[in-house]
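Student: Residues per chain, in single letters:
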Amino acid sequence: MQLTQEILTLLQQDSTLSPKAIAQMTGSDEETVRAEIERLRDEGVILGYTIRINTEKSPIPTVEAMIEVKVSPQRDLGYNDIARRIYKFPEVESVFLMSGAYDLAVKIQAPTMQAISAFVWEKLAVLDGVTGTATLFIMRKYKENGTILVEDEVPERLVITP
Amino acid sequence: MNYDKVLASPVVSIPPSGIRRFFDVASTMQGVISLGVGEPDFVTPWNIREASIHSIEHGRTHYTSNHGMPELRELICEYLSRRYGVRYDLSSCLVTVGASEALDLAFRALLNPGDEVLIPAPSYVSYAPCVTLAHGIPVAVPTYEEDAYALRADVLESFLNERTKAVILPYPNNPTGGIMTRPQIDAVTRVLSGRDVVMIADEIYSELTYGGTHESFAKGMEDRTILINGFSKAFAMTGWRLGYACGPKPLIDMMVKIHQYTMLCAPVMAQTAGIEALKDALSSDFAQVRAMRNAYNRRRLLIYEGFKDMGLPVFEPRGAFYIFPSIRETGMTSEQFCERLLKEGRVATVPGNAFGDAGEGHIRCSYAASTDNIMESLRRIRVFLNHLN
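Protein chains in written order, with this note's numbering: chain A, 1 to 162; chain B, 1001 to 1389.
Hints may contain errors.
[Stated by the list, open to error] Stretch-level coverage of chain B by chain A, calculated; a stretch enters the list once three of its residues show a Cβ under 8 Å from a Cβ in chain A:
(1) 1018–1027
(2) 1032–1044
(3) 1049–1063
(4) 1121–1129
[To be verified] Calculated pairs, SDA-like style, for lysine to any residue (alpha carbon to alpha carbon, straight line, at most 20 Å):
(5) K20/A / N1294/B
(6) K20/A / E1305/B
(7) K1279/B / R1049/B
(8) K123/A / E93/A
(9) K1257/B / D1089/B
(10) K1308/B / P19/A
(11) K20/A / K1257/B
(12) K143/A / F1042/B
(13) K1343/B / L136/A
(14) K1249/B / M1221/B
(15) K143/A / S58/A
(16) K143/A / W1046/B
(17) K1308/B / D29/A
(18) K20/A / R1049/B
(19) K70/A / R84/A
(20) K1308/B / F1384/B
(21) K123/A / N80/A
(22) K123/A / A105/A
(23) K20/A / R1379/B
(24) K57/A / V154/A
(25) K1343/B / V159/A
(26) K1249/B / S1091/B
(27) K1308/B / S28/A
(28) K20/A / S1370/B
(29) K20/A / E1316/B
(30) K20/A / Y1304/B
(31) K1308/B / G27/A
(32) K20/A / L1301/B
(33) K1343/B / T1028/B
(34) K20/A / F1042/B
(35) K143/A / R1049/B
(36) K20/A / L1302/B
(37) K123/A / S94/A
(38) K20/A / E1376/B
Just so you know, these hints were derived from the structure itself, not from any lab.
Each residue gets a CB set at the ideal place from its N, CA and C atoms; glycine is no exception.
The following block holds chain B by itself, in its conformation from the complex (with noise of 0.2 Å):
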């Protein structure tokens, strides 16, 4: 059989992971450090996993309405609510296989073949293949570290024309750990006001700001915007495959016109799961969730002034569990700085380009790490740079 014949050209132009091929180099490899972890180093707390467990001893193992069970839909629309200043209703909210899946659903829900959607870069890895696969067009909007990462409006409105489709707003932002301030969110719902232009907000790092609450990009604009968040990231949560998207009810009753024909519903015990997240979250003021980020926040200070030190141009994040120091003064591009670091310095990095092109000169380092692993991978890292010099 020809297979380039019968597979699908969308699937077969999207390029491999730029990630993965690090991921099989450095998993196979003696005494690494990583600093390339997208999630929690925390395990999910126990109340929740408690939760779920009984559930399952229960006999809670049944299919849930498509949408979602409806107490964790409603103490999703409470939280929002009470911590975002977002209002959905229930008939807006949808409960999904993960954030990625809910990006997945608006996509299709959304786009035409030829409609491009504008992504700040650089960002996640999945947002531009997984809009190829929608038969859209990615676009990339860059973004500067002079404004912290930030989307300005006026770049992105020399971007916008009568085939923008969508926008993807993911602050905070993997992989730099920019956010976006009220004022800076104003001033992009501005351009798009009177533009038949969806906002995807993807705020799944919003429990994870440091000096501030998260700023919503659907406060007030709730009827424009297609809000994703989900579990992983504020819950440590992440091999549960627990998020959901809320928006206006005609674009969301689309979306799960698709998810009930694909996915049928979220998995029922990640959802009772959540049900005891949110319970726990809102009955205790955060408590976790602020254990949680102030270790964070402790790693973030620890390692910006440890690559202050070193004197790497770096940006002081102010949200997720990621710092991007720029390596250029290396000579080096990303992906030949981090195999290198990696097999001299024994510290597992990601390079900046498999974020886009525009994070090509920089490294994303998580600090979902312990502490005594970020001192210690500091501590390779500035030998390795003193080795080159």
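One chain only, chain A, in its complex shape (with noise of 0.2 Å):
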């Protein structure tokens, strides 16, 4: 257990991370390390291995939005047939159920302002049982996914000290 804990953290921060120096930094051997990710692949608790990208100084335009979207949950679907409606479009980043003012938070990433808008109109807002959006366009990212993204402390140690 806690094993798996250490591989998850480390892959988390770092998934470029052999078997063999995670296998090191945990007190463990290789096959043990290797095995175990490979469990955790195959049950699905590793999805994937990617990367974190600084979307403002990325080469491939970005533009991001959060969407609030009110819809009228159905009989004996509740939320889900409409969550699925929506999670399934490409651009879709990421879809939650949440409490409060509204009832699903879509996350959308698109290469202009323009497509933003025009799935919205054209796709989102549209579907039944979507009774209202409002799109958030999200101007700056100082911090994502635990990464400060903006460069604000400079490491300033001593290359030798007692």
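Join the two chains, each given in its own frame, into one complex according to the hints.
Tutor: Structure, rendered in structure tokens:
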């Protein structure tokens, strides 16, 4: 259990770490780590390995928005059916059912603001069951997924100290 | 003016720091990865910084009591008692400008000219010079790799004489990474019992032990121990300069006397930060300290396995954030090795002899560095060693 947690923590910070390096850092052996990672993949705990991009620096043009969606839930299906209709769109990055003033939080990524607007008008707002939307464009990212994106701290340790 | 004539001889007699020369060379070179840094690579946790900023904004900019703020001293006493079973009360606790000041105060309060202070070797670079400056005589007591660099009671006993005033107990140890177990501590305290020899326990790395909670020399020995600790290593607060000494009241009172005339008090903004550090730690089961310790532990295992893979004889460090491999097989002195590794391999390390003659034949590597830097520097050291053969 502790090894599993350690593996997940380490890979979440740096998914390029080799099973050997992880084994050394956790005092385990390479085969055990390799098998555990495989198990975690098979069981769907590890969904994939990816990179974190600072979209402001990336050459790929990206605009992101949070869309608050109000929906009327359907008999027997609740929110699941309408959520499915939304999350199937590839431009939708995440969909959460929320407590509070609106129902679904939809995060969307597209190359331009126009593309996001078009998505909302043409695809999202017209869905049966959607009763209202509010689109909030992300203007600047300071921190995302635990990573601070604005360089505000300069490491300044001396090279050698006693 | 004849400057030699006006300078005080104890100061003149102290050799310049061996680390300094390396620093001067290393800091001018490009592309060097440093394993030479004796401080955490973490920045002070934000809640601690924020608490201090807040206090400055609200005008907390005045002197504090000479002893330190009562709230901070209360927290220190509670921390020591809960964490290490060490019991000192408020009046036996002095807040200092770093553990370094506490050490200096202890020497100055205890030593008459010619008094001897026993210092396990190898160990931290400052002990011997500070003893000399306080007109004492530093005496190195060797520790050995086969004892995991723990201080052996029989070896210590052979150095005790009527001039012995104090023994420094620097565990977890810089530069070896050695620690002392409870039975080893008990053996040492037995040797000292019945003698008027003060134990000066420098336990600045107490939060950084791997595989068990730190055992304090002061536990049950409060009446003969000056326990020195601080915030630098546990809370990544080196630059704040905040430490403390706890000890028998008659000794602390004398240390306060020196402190009040020379330092007055530790900076109030650092003390405010220290209050937040301890409050947060005590209420969160040391969550942030634990996270940092876990990170160090991963790097410790990584670097230890790395040196083993290279075939360098190396002792598995149990505390602090240093590893102390032997480079004797290369036939070089530790200074030669470090200088060539720096110039040819672009990795900065500290020669073992900087920590006394007992450190010769070793290099000190700090693993308070990112895993990327540790892996890359291990690769470079391996290439450097292969190139030698």
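Student: Run every hint past the structure and note whether it holds.
Tutor: Evaluated hints:
1. 1018–1027: holds (count 5)
2. 1032–1044: Satisfied; 8 residues make the cut.
3. 1049–1063: With 0 residues in contact (Cβ-Cβ under 8 Å with chain A), the coverage given for the segment 1049–1063 of chain B is violated.
4. 1121–1129: The restraint on the segment 1121–1129 of chain B holds, since 3 of its residues have a Cβ under 8 Å from chain A and three suffice.
5. K20/A / N1294/B: 18 Å, holds
6. K20/A / E1305/B: 10 Å, holds
7. K1279/B / R1049/B: 14 Å, holds
8. K123/A / E93/A: 15 Å, holds
9. K1257/B / D1089/B: The hint holds at about 18 Å.
10. K1308/B / P19/A: The hint holds at about 18 Å.
11. K20/A / K1257/B: 56 Å, violated
12. K143/A / F1042/B: 18 Å, holds
13. K1343/B / L136/A: Not OK: K1343/B and L136/A at ~54 Å, beyond 20 Å, violated.
14. K1249/B / M1221/B: Roughly 13 Å between the alpha carbons, so the hint for K1249/B and M1221/B holds.
15. K143/A / S58/A: 16 Å, holds
16. K143/A / W1046/B: 15 Å, holds
17. K1308/B / D29/A: 15 Å, holds
18. K20/A / R1049/B: 37 Å, violated
19. K70/A / R84/A: Holds. K70/A to R84/A sits at ~15 Å (cutoff 20 Å).
20. K1308/B / F1384/B: 15 Å, holds
21. K123/A / N80/A: Since the Cα atoms of K123/A and N80/A sit roughly 18 Å apart, the hinted pair holds (cutoff 20 Å).
22. K123/A / A105/A: 16 Å, holds
23. K20/A / R1379/B: 14 Å, holds
24. K57/A / V154/A: The given pair, whose Cα atoms are some 19 Å apart, holds under the 20 Å limit.
25. K1343/B / V159/A: With a Cα-Cα distance of about 14 Å, the restraint between K1343/B and V159/A holds, given a limit of 20 Å.
26. K1249/B / S1091/B: 7 Å, holds
27. K1308/B / S28/A: 15 Å, holds
28. K20/A / S1370/B: 17 Å, holds
29. K20/A / E1316/B: Satisfied, since the Cα-Cα distance of roughly 19 Å is no more than 20 Å.
30. K20/A / Y1304/B: 14 Å, holds
31. K1308/B / G27/A: 13 Å, holds
32. K20/A / L1301/B: The hint holds at about 12 Å.
33. K1343/B / T1028/B: Between K1343/B and T1028/B the Cα gap is close to 11 Å, so the pair holds against 20 Å.
34. K20/A / F1042/B: Judged against 20 Å, a Cα distance of about 25 Å means the pair is violated.
35. K143/A / R1049/B: 19 Å, holds
36. K20/A / L1302/B: Since the Cα atoms of K20/A and L1302/B sit roughly 10 Å apart, the hinted pair holds (cutoff 20 Å).
37. K123/A / S94/A: At roughly 16 Å apart (the allowed maximum being 20 Å), S94/A and K123/A satisfy the hint.
38. K20/A / E1376/B: 15 Å, holds
Checked against the numbered hints above, the structure breaks hints 3, 11, 13, 18, 34 and satisfies the rest.
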